[in-house]
Amino acid sequence: MVQFSEEKLNKVKEIIARYPDGKQKSALLPVLHLAQETFNGWLSSDTMDYVASLLQLEPIEVYEVATFYSMYNLKPVGKYVFEVCQTGPCMLRGSDDIIAYIKQTLGINVGETTADGLFTLKTVECLGACGYAPMMQVGKHYREHLTPAKVDEIIAELRAAQ
Amino acid sequence: MGRKLLLDKAHIPGIRYYDTYKGNGGYAAAEKALKGMTPDQVLDEVKKSGLRGRGGAGFPTGMKWSFIAKPEGVPRYLVCNADESEPGTFKDRYLMEFIPHALIEGLIISSYTLGANTCYIYIRGEYAWIPEILEEAIADAKKNGWLGKNILGSGFDLEIYVQRGAGAYICGEETALIESLEGKRGNPRIKPPFPAVKGLWQSPTVVNNVETLAAVVPILNIGGEEYAKIGIGKSTGTKLISACGNINKPGVYEIEMNISVEEFIYSEEYCGGIPNGKRLKACIPGGSSVPILPANLLFKTAKGETRMMTYESLADGGFLTGTAMGSGGFIVLDEDQCIVKNTLTFARFYRHESCGQCSPCREGTGWMEKLLKNIDSGRGKMSDIDLLWDIQRKIEGNTICPLGDAAAWPVAAAIRHFRDEFEWHITHPEEAQARNYGLAHYADPREIAVPA
Ligand SMILES: Cc1cc2nc3c(=O)[nH]c(=O)nc-3n(C[C@H](O)[C@H](O)[C@H](O)COP(=O)(O)O)c2cc1C
Ligand code: FES
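So the sequence lines, in the order shown, correspond to chains W and E. Under our numbering, residues 141 to 302 are what the first sequence spells out, in order. Under our numbering, residues 266 to 717 are what the second sequence spells out, in order.
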């Protein structure tokens with residue numbers, strides 16, 4: 141069963157209170173973020189239906205939005221998603237080499253997850269860190285000025301956190 | 266050293282926090298406005314300052330504010346555009362991360378001027394750690410009486426909320442942003458009606474960039490007239506430039522709009538030149554959407570005048586030989602970079618980010634990406650270059666929002682200025698896989714005469 145804790149339900153209420161009465165649809169993006177964080181990093185159709193019921197929306201209104209925005213995962217992902225930027229400014233500073241290095245080190249292709257379920261590799265478009273390129277997002281934070289050695293460190297750090 | 270108005274206190278340890286910000290002259294402008302000025306007087310200062318929107322289009326802020334409709338009994342909204350997704354641009358992030366109270370103070374003054382009692386900061390979802398910084402700043406401002414009911418006894422009420430996007434460049438476009446804030450897909454609206462008349466929940470709404478709203482603080486502190494004395498002509502005040510690519514010192518710089526492009530790239534105060542003794546090949550000075558310029562048109566305009574870091578000088582020559590200030594995302598390419606590859610990454614970006622509403626953009630961006638991919642990987646045909654040119658022309662101007670134009674311009678400019686490099690990829694497919702075209706005749710303009 142998909143169900144937020146009492147604490148998270150209070151958070152939902154707090155979010156809805158940011159908008160005028162009757163405009164709770166505006167809470168959809170923030171609540172989908174909350175749902176994705178809570179339910180294993182992705183949005184199943186059960187999760188989306190649950191969000192629809194919380195916000196008194198039709199399920200289709202939620203699917204429409206969840207499929208539009210690139211940050212919502214509609215399939216299960218690894219515990220840590222490496223989202224490597226590949227747009228111009230990062231490319232000029234060697235993002236292609238970083239992507240190749242991660243592929244080789246983790247033994248996966250873009251869009252795949254390691255067998256232990258720990259790492260998923262994704263390529264993304266400019267994340268607003270162009271001056272600190274090459275870079276990737278891992279969870280909430282940015283990892284910048286990447287080099288192969290730094291990638292090794294990050295992987296070791298995340299493995300050690302298990 | 267250029268004068269700093271936005272980042273003047275950036276170096277002070279703890280400036281992120283309320284006490285330090287307040288202790289260093291913070292909230293003086295908000296106090297001045299709310300205690301001693303009417304909204305119209307504030308608007309007047311902003312008009313006098315000549316401030317132009319820092320989000321990309323450069324529209325005069327005071328004029329934009331004066332368009333807001335004021336029907337009786339209908340709420341008005343201020344929305345701060347912190348979507349910052351134009352490749353090359355990372356200046357708003359810097360302001361929000363390091364000096365959040367400068368933005369909050371700007372929002373208070375701006376909301377007061379517009380008569381908006383609710384303000385939303387719409388921030389791109391990937392900046393996932395910044396909402397907490399902003400929310401802490403909002404809470405501290407509120408605790409100290411700068412937000413809430415009857416602020417400073419002025420009778421003015423204001424609440425500020427942070428809303429996270431979820432990964433969509435298009436939501437930086439103001440009407441798509443409003444749709445997104447209403448909990449929908451980010452499909453831009455047809456204008457008119459303009460947001461100033463019917464925006465968020467069909468109420469009058471002003472959408473402004475983070476930097477624009479933060480700039481209102483120094484404008485009130487020093488006065489609109491004083492602000493307008495900085496810079497050249499209609500490019501008044503200071504501008505944040507986020508510099509990246511092949512330069513020694515990538516980062517966010519505040520410039521007075523009176524320095525030359527050459528100084529910006531080569532001086533130690535800013536980019537610090539190009540690493541490893543390489544030469545400059547090209548530059549995209551205002552974010553991925555603006556035309557790329559080869560080195561020989563960058564430092565001097567086609568008329569032979571020094572090109573300055575101003576809206577007018579960057580645009581000198583129109584799209585034939587000029588470019589644009591855009592968002593201030595300054596991307597530098599050295600002699601080792603491949604124009605085809607660079608253009609391909611932008612084409613892929615726009616294909617990825619097209620909302621899909623308008624067929625010229627939805628289909629055209631995908632088509633351009635495919636052709637560029639072919640050329641880049643040595644499978645291109647000479648006719649592909651003309652086809653690319655044709656497609657970009659058919660996108661431009663034929664879409665609801667300017668994303669279509671933004672996708673077309675980089676391709677057009679790359680072909681216009683670097684056609685021989687595209688042709689070389691086609692005539693030398695194998696060699697093009699092994700090495701880059703290099704500088705060719707786009708030499709450093711300090712060494713080679715500017716063509717007539
Ligand atoms: C495709 C597209 C993306 C945009 N992205 C942004 C953005 O990320 N940030 C921004 O401030 N303005 C962006 N804009 C411009 C906004 O539509 C709007 O003009 C701006 O927020 C107005 O603020 P300003 O007058 O303070 O510049 C974008 C426009 C388009 C067409
Ligand atoms: S291009 Fe990679 S962060 Fe901007």
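What the hints contain is simulated information worked out from the structure, not anything from laboratory work. Where is the CB? At the ideal position from N, CA and C, for every residue including glycine. Keep in mind that the hints are not guaranteed to be accurate.
Stated by the list, open to error - Pairs of lysine to aspartate or glutamate residues, derived as EDC-like cross-links and limited to a Cα-Cα distance of at most 20 angstroms, are as follows:
#1 E:K269 with E:E424
#2 E:K494 with E:E521
#3 E:K449 with W:D161
#4 E:K635 with W:D236
#5 E:K313 with E:D649
#6 E:K408 with W:D161
To be verified - Going by beta-carbon spacing under 7 angstroms, a handful of chain W positions derived as facing chain E:
#7 L232
#8 G234
#9 T263
#10 L267
message: Of the numbered hints stated earlier in the document, which are not met by this structure?
response: Those not satisfied are hints 1, 5, 6, 8, 9.
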